[in-house]
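Enquirer: Here is how the chains run, residue by residue.
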Amino acid sequence: MTTWTAPELMAVELSRHIADGDVAVMGAVSALPMAACRLAQLTHAPGSWFVAGGSGAVNPHLGPTPPSSCDERLLDADCVLPLPDVVMLEGRGDVFDVFFAGGLQIDAFGNTNLERIGSAEHTRLKGPGGVGLPFLPLAGRVIIYTASHDARTFVEKVDFVSGPAASITGRGPVLIVTPLCTMDFDPDTKRARLRTLHPGVTETEVREATGFALGISSELRETEPPSDEQLALLREIA
Amino acid sequence: MTTWTAPELMAVELSRHIADGDVAVMGAVSALPMAACRLAQLTHAPGSWFVAGGSGAVNPHLGPTPPSSCDERLLDADCVLPLPDVVMLEGRGDVFDVFFAGGLQIDAFGNTNLERIGSAEHTRLKGPGGVGLPFLPLAGRVIIYTASHDARTFVEKVDFVSGPAASITGRGPVLIVTPLCTMDFDPDTKRARLRTLHPGVTETEVREATGFALGISSELRETEPPSDEQLALLREIA
Amino acid sequence: MKSKVASAQEAVEESEFETLAIGGMHLHNNPMATIFELVRQERRVPRLVTSPSAALGADVLIGSGLVDEIATSYVGFEHLGLAPCFRRAAENGSLKVSNLCEASITHGLYAGASGMPFAPLPAGVELADVWRSNPNAYRMIVDPFTEAKTLVVKAIRPDVAIIHAAEADEQGTAWLGGAVFTDRLMAMAARRVIVQVERVVSREAMERRPAGATIPGFLVGAVVEAPGGCRPTASHGNYGYDEPAIKHYLQMARTSEGFAEWMPLVTVAAQ
Amino acid sequence: MKSKVASAQEAVEESEFETLAIGGMHLHNNPMATIFELVRQERRVPRLVTSPSAALGADVLIGSGLVDEIATSYVGFEHLGLAPCFRRAAENGSLKVSNLCEASITHGLYAGASGMPFAPLPAGVELADVWRSNPNAYRMIVDPFTEAKTLVVKAIRPDVAIIHAAEADEQGTAWLGGAVFTDRLMAMAARRVIVQVERVVSREAMERRPAGATIPGFLVGAVVEAPGGCRPTASHGNYGYDEPAIKHYLQMARTSEGFAEWMPLVTVAAQ
Numbered sequence: 001m002t003t004w005t006a007p008e009l010m011a012v013e014l015s016r017h018i019a020d021g022d023v024a025v026m027g028a029v030s031a032l033p034m035a036a037c038r039l040a041q042l043t044h045a046p047g048s049w050f051v052a053g054g055s056g057a058v059n060p061h062l063g064p065t066p067p068s069s070c071d072e073r074l075l076d077a078d079c080v081l082p083l084p085d086v087v088m089l090e091g092r093g094d095v096f097d098v099f100f101a102g103g104l105q106i107d108a109f110g111n112t113n114l115e116r117i118g119s120a121e122h123t124r125l126k127g128p129g130g131v132g133l134p135f136l137p138l139a140g141r142v143i144i145y146t147a148s149h150d151a152r153t154f155v156e157k158v159d160f161v162s163g164p165a166a167s168i169t170g171r172g173p174v175l176i177v178t179p180l181c182t183m184d185f186d187p188d189t190k191r192a193r194l195r196t197l198h199p200g201v202t203e204t205e206v207r208e209a210t211g212f213a214l215g216i217s218s219e220l221r222e223t224e225p226p227s228d229e230q231l232a233l234l235r236e237i238a
Numbered sequence: 001m002t003t004w005t006a007p008e009l010m011a012v013e014l015s016r017h018i019a020d021g022d023v024a025v026m027g028a029v030s031a032l033p034m035a036a037c038r039l040a041q042l043t044h045a046p047g048s049w050f051v052a053g054g055s056g057a058v059n060p061h062l063g064p065t066p067p068s069s070c071d072e073r074l075l076d077a078d079c080v081l082p083l084p085d086v087v088m089l090e091g092r093g094d095v096f097d098v099f100f101a102g103g104l105q106i107d108a109f110g111n112t113n114l115e116r117i118g119s120a121e122h123t124r125l126k127g128p129g130g131v132g133l134p135f136l137p138l139a140g141r142v143i144i145y146t147a148s149h150d151a152r153t154f155v156e157k158v159d160f161v162s163g164p165a166a167s168i169t170g171r172g173p174v175l176i177v178t179p180l181c182t183m184d185f186d187p188d189t190k191r192a193r194l195r196t197l198h199p200g201v202t203e204t205e206v207r208e209a210t211g212f213a214l215g216i217s218s219e220l221r222e223t224e225p226p227s228d229e230q231l232a233l234l235r236e237i238a
Numbered sequence: 001m002k003s004k005v006a007s008a009q010e011a012v013e014e015s016e017f018e019t020l021a022i023g024g025m026h027l028h029n030n031p032m033a034t035i036f037e038l039v040r041q042e043r044r045v046p047r048l049v050t051s052p053s054a055a056l057g058a059d060v061l062i063g064s065g066l067v068d069e070i071a072t073s074y075v076g077f078e079h080l081g082l083a084p085c086f087r088r089a090a091e092n093g094s095l096k097v098s099n100l101c102e103a104s105i106t107h108g109l110y111a112g113a114s115g116m117p118f119a120p121l122p123a124g125v126e127l128a129d130v131w132r133s134n135p136n137a138y139r140m141i142v143d144p145f146t147e148a149k150t151l152v153v154k155a156i157r158p159d160v161a162i163i164h165a166a167e168a169d170e171q172g173t174a175w176l177g178g179a180v181f182t183d184r185l186m187a188m189a190a191r192r193v194i195v196q197v198e199r200v201v202s203r204e205a206m207e208r209r210p211a212g213a214t215i216p217g218f219l220v221g222a223v224v225e226a227p228g229g230c231r232p233t234a235s236h237g238n239y240g241y242d243e244p245a246i247k248h249y250l251q252m253a254r255t256s257e258g259f260a261e262w263m264p265l266v267t268v269a270a271q
Numbered sequence: 001m002k003s004k005v006a007s008a009q010e011a012v013e014e015s016e017f018e019t020l021a022i023g024g025m026h027l028h029n030n031p032m033a034t035i036f037e038l039v040r041q042e043r044r045v046p047r048l049v050t051s052p053s054a055a056l057g058a059d060v061l062i063g064s065g066l067v068d069e070i071a072t073s074y075v076g077f078e079h080l081g082l083a084p085c086f087r088r089a090a091e092n093g094s095l096k097v098s099n100l101c102e103a104s105i106t107h108g109l110y111a112g113a114s115g116m117p118f119a120p121l122p123a124g125v126e127l128a129d130v131w132r133s134n135p136n137a138y139r140m141i142v143d144p145f146t147e148a149k150t151l152v153v154k155a156i157r158p159d160v161a162i163i164h165a166a167e168a169d170e171q172g173t174a175w176l177g178g179a180v181f182t183d184r185l186m187a188m189a190a191r192r193v194i195v196q197v198e199r200v201v202s203r204e205a206m207e208r209r210p211a212g213a214t215i216p217g218f219l220v221g222a223v224v225e226a227p228g229g230c231r232p233t234a235s236h237g238n239y240g241y242d243e244p245a246i247k248h249y250l251q252m253a254r255t256s257e258g259f260a261e262w263m264p265l266v267t268v269a270a271q
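Protein chains in written order, with the numbering used here: chain D, 1 to 238; chain Z, 1 to 238; chain Y, 1 to 271; chain F, 1 to 271.
I should point out that these hints are in silico values taken from the structure, not numbers from a laboratory.
Even glycine gets a Cβ: it sits at the ideal position worked out from N, Cα and C.
Errors might be hidden in some of the hints.
Claimed, not checked - Not close to chain F: a few residues of chain Y, all C-beta gaps over 10 Å, as computed:
1. Gln9
2. Phe17
3. Arg191
4. Glu243
Stated by the list, open to error - For each label pair, taking beta carbons as the anchor points, the in silico distance ranges come out as:
5. Y:Gln41 to Z:Ala120: 30 to 38 Å
6. Y:Glu243 to F:Ala205: 31 to 39 Å
7. Y:Lys149 to Z:Phe212: 29 to 37 Å
8. Z:Ala6 to F:Glu14: 58 to 66 Å
9. F:Ile141 to D:Arg152: 35 to 43 Å
10. Y:Pro144 to F:Arg44: 28 to 36 Å
11. D:Ser217 to Y:Arg44: 21 to 29 Å
12. Z:Ala120 to Y:Lys149: 17 to 25 Å
13. Z:His44 to Y:Glu147: 43 to 51 Å
14. D:Ala166 to Y:Ala245: 50 to 58 Å
15. Y:Glu13 to Z:Ala6: 38 to 46 Å
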């Protein structure tokens, strides 16, 4: 039986949500979504595009995927935009179909926080800051990913909104991918709900690791394992 | 005896007003100021800079000087700026020491007009438009040049202000160079006054060719002829 | 992957616009092949936006009677003379001229490309008469930080931009091949971009072109292969402008009859 | 022609600033050699402005106790962890953090470089909490064209910007040698620019570098030749970041005592 790591499963699952023709953009600590986008290009979405963070690289060829979003190796790409141009286009609201986002905190509605844990007056943890997360309301779809599925990360309400769940041009957050599961959002309540459980993970485990009351999709199922082809390609990319 | 053409005399005279360290910028139909700036670099102002119009070229090497300000040959230069960057820096107000300007009409105060002759309702001649002339108030010094010294060009008041004589960061217009003479500006009245007559030109000729009451500098003299060295260099550049 | 390469005819037919932007500066990189196709299809241009210095491209559209309004800071032929059709149409009132300055076009396109609703202009620019002559595009507001009066210009968001590049691949990624003028910015501000090129090249050939000289394919709707497609204007990286041909145009276009005689000759030759 | 090449010591001594900007993004092109010189001279930084993603450069200045206020959208070490000195100083209140977002820094620098007093931001950005947390930099105004509420950010005009480039000539013309990040824009917005470089090259060697990757010498006040001057961060075109050295820093700088131990070792080694 083929085995895979949690990051590999996450990358494959993220790649499934890139449609042919999509234009995606990602920020810091983005090795996972970069690999996912490249995998999508090599499989079901050959006409999709992605812009790799601060490097400005458009469709970097990867293999390997550098851990830093500004790595010089990313400039081996279809073309390269000066970073200010990427920032310009992020504001247009009709260019980027997918924004990948993360956070120290992610709340029940898909708001993300990279600013601080605690209040402004009593900050328990100062985060690095939200960089481009305020652009999320201008994305077509927001896909959230995190390596930390625990009750400190998944909270009922973020202490600071770096990346708003509200959208003015698109659908807002549509997916959260964690090492345990994937979530989508209830169209009525706008709250995150359990969508798929990664193989071997139980609903109880997820609930215990989630700091808000998590709904359940009526279509709850197991996360589809990576295919051999996906894994082979991903290992070349990553 | 060395002979020269009127444009050559004008180019040499313009070059004398570029000081070492100056940064100059010019727009359309700028072969004359381009050659003047290059000549200044090769003679008394080796540390001066110029940005050649829409090409974005910084210190184009010239020789020959192309007649179009956007010519590809200008890109053989010390470096090249994308045009939007030039436009950005023109607005800063502390970058460009010298703007070269021209006009269909030039008035007694050094306002320039590339928009129209006549009123908006009864336009006798529609000019091309003023491009970057509204930036003149942000220049250190404005130097005006024209190939047409006649009473239609030199008027008491322009019909439309494309390039304002007023300045908010510098000294405004300091010099006009024509095929007949040079003018500077009376510090009290701010009006143009005859500064030098080109060799062989009389004051009467200039007055008849000027549509406004032209003052005379107390230091009126003949325009200094080009030196042999200046002419030789200029002919290599142009 | 679907190729974006299309004929000029298809690229123009698939374009809907109120505001059309055309690239090129002065005698360089006017996207003439696609502009001639607009004329052949008799496409009305409710509003034409140009680079800070338009030339033949704008003059031909105006001479063909297709343009209702032009937003520009300059239409002319630099050292070769005034733009005959622009001048005639502006003087006889058949063309509405919306004056902008170079800063307004550049920062207006920047704003359009950035989702900014408008762009403040540097203090001093308001001393020219331009903004007072075009009240639709400008407003005087108060700087909320300093209380100073500040001139602002509306963002420019062309529905369609037509620009010329040296090369593009089938996915639409294009390399300008010389000065970028405001053409890259125009492409970033437009909802749909038609890039006409001298050559369609492989995706591999486009890789690692300098970062500031390319347009990513995801912004491009159609690639039109049009070798010589800027003639008689220049195509940076490829050929200079044809001065005798432009002088001939300026001579012919002095009258609308002369322009009407010149136009079919050129468009037939271009096909 | 006077050469602009100077030692780091001279370049810093000749710089007066209230607002200092430092270039580089994440683990790349942090101008460490000049930053270490600021520390050696114990130069107070009343206000530090960074690229949208600062890392070691900002953390070292903060750890040295020199920074009163930082205007930034991120200080961290990407996949390697949080910025220890930034975090400590922000948490204990000794550092004022003025939150900006990536758009605000980029458009704020654009405005600064353009003489615009402020920059409007795209609708939607106001939904984040950033602007409410930094009332000095933001205002909500009314778009004079549409009457819509519009968030605007104050222009950023650093008194001095310090950036790293691969090469420069004696006149100051510099070539970045890799991604340009916001470093070119920062140089265009600043009153004085210090460019530290891996190599000083001839004027001829700088010619015809790609248009979007150079900074013209007339914007540059001083060129500091500092081979290896970004270490332990990367210098695009030259070397990658030194991950073990950065991890060592992150370990040491967990405490102010550890940072104080690390700092002289590095600054002495850099001399």
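Enquirer: With reference to the structure, classify each hint as holding or not holding.
Expert: Evaluation of the provided hints:
Annotated as non-interface, Gln9 of chain Y keeps its C-beta farther than 10 Å from every C-beta of chain F; the closest such distance is 33 Å. The Cβ of Phe17 of chain Y lies farther than 10 Å from every Cβ of chain F, with a closest approach of about 20 Å, so its non-interface assignment holds. Once the 10 Å rule is applied to beta carbons, Arg191 of chain Y is consistent with being away from chain F; the minimum gap is 15 Å. No Cβ of chain F approaches the Cβ of Glu243 of chain Y within 10 Å, the least distance being about 26 Å, so the stated non-interface status holds.
Against the hinted window of 30 to 38 Å, the Cβ-Cβ separation of Gln41 of chain Y and Ala120 of chain Z comes to about 33 Å, which satisfies the hint. For Glu243 of chain Y paired with Ala205 of chain F, a C-beta distance near 35 Å keeps the hint of 31 to 39 Å intact. In this structure, Lys149 of chain Y and Phe212 of chain Z meet the distance hint of 29 to 37 Å, their C-beta atoms being roughly 31 Å apart. Between Ala6 of chain Z and Glu14 of chain F the beta carbon distance is about 45 Å. The supplied range of 58 to 66 Å is therefore violated.
Taking 35 to 43 Å as the suggested C-beta distance range, the pair Ile141 of chain F and Arg152 of chain D conforms, at roughly 38 Å. At about 30 Å, the beta-carbon gap between Pro144 of chain Y and Arg44 of chain F stays in the expected band of 28 to 36 Å. Taking 21 to 29 Å as the suggested C-beta distance range, the pair Ser217 of chain D and Arg44 of chain Y does not conform, at roughly 51 Å. A beta carbon spacing of about 24 Å between Ala120 of chain Z and Lys149 of chain Y agrees with the range 17 to 25 Å that was offered as a hint.
Distance hint for His44 of chain Z and Glu147 of chain Y: a CB-CB separation of about 45 Å, consistent with the stated range 43 to 51 Å. Checked against the hint of 50 to 58 Å, the C-beta distance between Ala166 of chain D and Ala245 of chain Y comes to roughly 56 Å, which is consistent with it. Judged by the Cβ atoms, the range 38 to 46 Å given for Glu13 of chain Y and Ala6 of chain Z is violated: they are separated by roughly 53 Å.
Hint compliance for this structure: hints 8, 11 and 15 are not met, and every other hint is.
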